[in-house]
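Student: Residue strings, one per chain:
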Amino acid sequence: MGFGFPTWGHRRWEQEIAAFADGELTLRDAARFEEHLAVCASCASEVAGHRAVRAALAGLPELRVPRSFVLTPEMAAAHAPVRRAPVWALRTAQAATAVALAGLVTVVGVDLANVGGASQQSATTAAAPLEQVAPASAPSADGAGREPQPTPQPKGIAIPPAGGVGAQSVPSPEATTRSAGSNAAPLAPRDAAGAATSAASDAFSSPAGPPATDARPVTAAKAPDDDGRIGYRAVEAALGGLFIVAGGAVIVLWRRTRRF
Amino acid sequence: MRSPTLTGVDSPAILTDDRLVSLSRDGHLEAFNSLVERHQAAVYTLCVRLLGDSHAAEDAAQETFLAAYRALARFDGGNVRAWLLRIAANQSKDELRRRKRRAPTDPLSDIFDGEEVPREIPADDPPPEVEAERHELNGLLQEALLELPFDQRNAVVLCDYYGFRYEEVASMTSSSVGTVKSRIHRGRERMRSILSRRPELFAPGRRQESQGE
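So the sequences go chain by chain: A and H. Add 89 to a position in the first sequence, counting from 1, and you land on the number used in the numbering used here. Add 264 to a position in the second sequence, counting from 1, and you land on the number used in the numbering used here.
FYI, nobody ran anything at the bench for these hints, they're computed from the structure. Some hints could be false.
Covered by chain A, according to a simulated footprint, are these stretches of chain H (three or more residues, beta-carbon under 8 Å) [unchecked claim]:
#1 290–298
#2 306–313
#3 335–345
#4 397–405
#5 427–437
#6 449–459
Beta carbons: idealized from backbone N, C-alpha and C, even for Gly.
Kindly generate the complete structure, drawing on both the sequences and the hints.
Tutor: Encoded structure:
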């Protein structure tokens with residue numbers, strides 16, 4: 090037990106009095122402590138006091154037992170030795186608990202992040218028709234003849250054509266084909282505002298309608314997300330079950346490996 | 265529970281503690297009881313020092329050996345007496361909690377009357393007045409011990425009475441060496457304060473001379 094005495098304050102000397110009196114210091118530290126004792130009457134007196142108490146206690150007698158404490162066969166049978174569980178079993182259970190907990194936290198975190206991303210994607214998809222239409226309507230206010238702005242390309246089911254006065258409600262096959270590609274024609278500028286709202290609602294209520302314009306996929310994208318979440322749920326349930334079982338094993342094994 | 269008798273070759277008196285533990289694990293109750301007889305005085309004495317009550321100490325000592333018997337499989341080897349004393353301290357602490365609100369049934373003086381066994385056989389019979397003085401000091405020491413918090417009391421007794429090193433006491437009390445050192449330091453300081461009330465019985469210089477230090 091070494092402490093590096095020379096730079097200590099007196100308080101630190103005092104804390105080592107018991108250790109010095111009991112011979113618990115290293116030879117080097119004990120020698121330095123003795124040097125301190127040579128110049129500190131207070132500490133020297135304290136050391137003498139500790140040694141006196143120790144000596145007095147050492148002189149206490151061993152007491153004679155009032156009776157024998159041996160075990161009878163009946164007592165032995167009632168207190169049969171408990172089989173000790175191996176320490177490796179406890180360590181394995183602890184490791185399994187930790188892994189299950191870490192895995193569960195990770196999977197839940199990823200699952201929640203995916204759900205948040207899918208939610209944002211859905212919200213963005215619902216607003217897309219409005220965004221598409223708005224720029225197209227701006228040029229129409231200045232007059233006809235301007236070429237419509239290019240719009241985002243659809244990746245799935247497109248918004249069906251909207252009804253309304255003067256609206257081009259029936260898309261041509263060519264428009265349908267083009268909408269499935271990368272350069273689909275936008276809605277007619279004069280009908281854009283009226284088409285936006287109904288188109289958005291129709292996109293969800295009539296997914297089977299002929300695609301007429303650009304639209305982001307909504308319903309089709311749900312399928313892979315659902316499958317993913319089901320997978321996450323299964324993994325979470327498995328990890329949660331493992332955590333509970335391993336945690337219970339830790340409790341039982343800890344009690345059976347605890348030393349006296 | 266089988267309890268085969270030991271053969272004459274395996275006389276318990278000549279068997280080491282480790283051998284007796286091994287035999288106990290194999291079902292030799294006689295071997296375990298040999299351990300009990302070998303260490304029961306030390307265990308009972310510790311319980312008395314910690315509890316200050318002979319009846320409570322009896323209960324704690326019996327519970328100690330029952331608990332040790334149950335825990336044979338968990339004993340990793342080493343000092344059997346230290347292992348038993350560790351169990352005894354735990355049982356004493358539990359017993360103290362159970363009797364916390366009860367007053368001691370025996371005055372402290374009853375613990376020492378007629379029950380003391382000198383640690384060392386004196387070369388000459390000490391004079392009666394010396395014996396009486398020693399007896400009174402022993403009572404004062406026991407009173408002082410009982411005024412310490414349990415953990416300090418346990419550490420001081422294990423170190424000063426049983427002679428265990430700080431590391432051993434730390435292992436027996438599931439604490440660090442620094443904690444043991446602190447407990448012993450504070451415990452002795454407190455005891456010095458109590459013992460100083462009776463300078464005719466306890467004085468540092470005087471005790472050192474009588475102990476030959």
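Student: Hint by hint, say whether it matches the structure.
Tutor: Hints versus structure:
1. With 3 residues having a beta carbon nearer than 8 Å to a beta carbon of chain A, the segment 290–298 of chain H meets the requirement of three or more and the stated coverage holds.
2. Check result for the segment 306–313 of chain H against chain A: holds, 6 residues qualifying (beta carbon to beta carbon below 8 Å, three or more required).
3. Restraint check on the segment 335–345 of chain H versus chain A: 6 residues with Cβ-Cβ distances below 8 Å, three needed, restraint holds.
4. Counting residues of the segment 397–405 of chain H whose CB lies closer than 8 Å to any CB of chain A gives 4, which reaches the minimum of 3, so the coverage claim holds.
5. Check on the segment 427–437 of chain H: 3 of its residues sit with their Cβ under 8 Å from a Cβ of chain A, so the three-residue criterion for coverage holds.
6. With 5 residues having a Cβ less than 8 Å from any Cβ of chain A, the segment 449–459 of chain H passes the three-residue criterion, so the hint holds.
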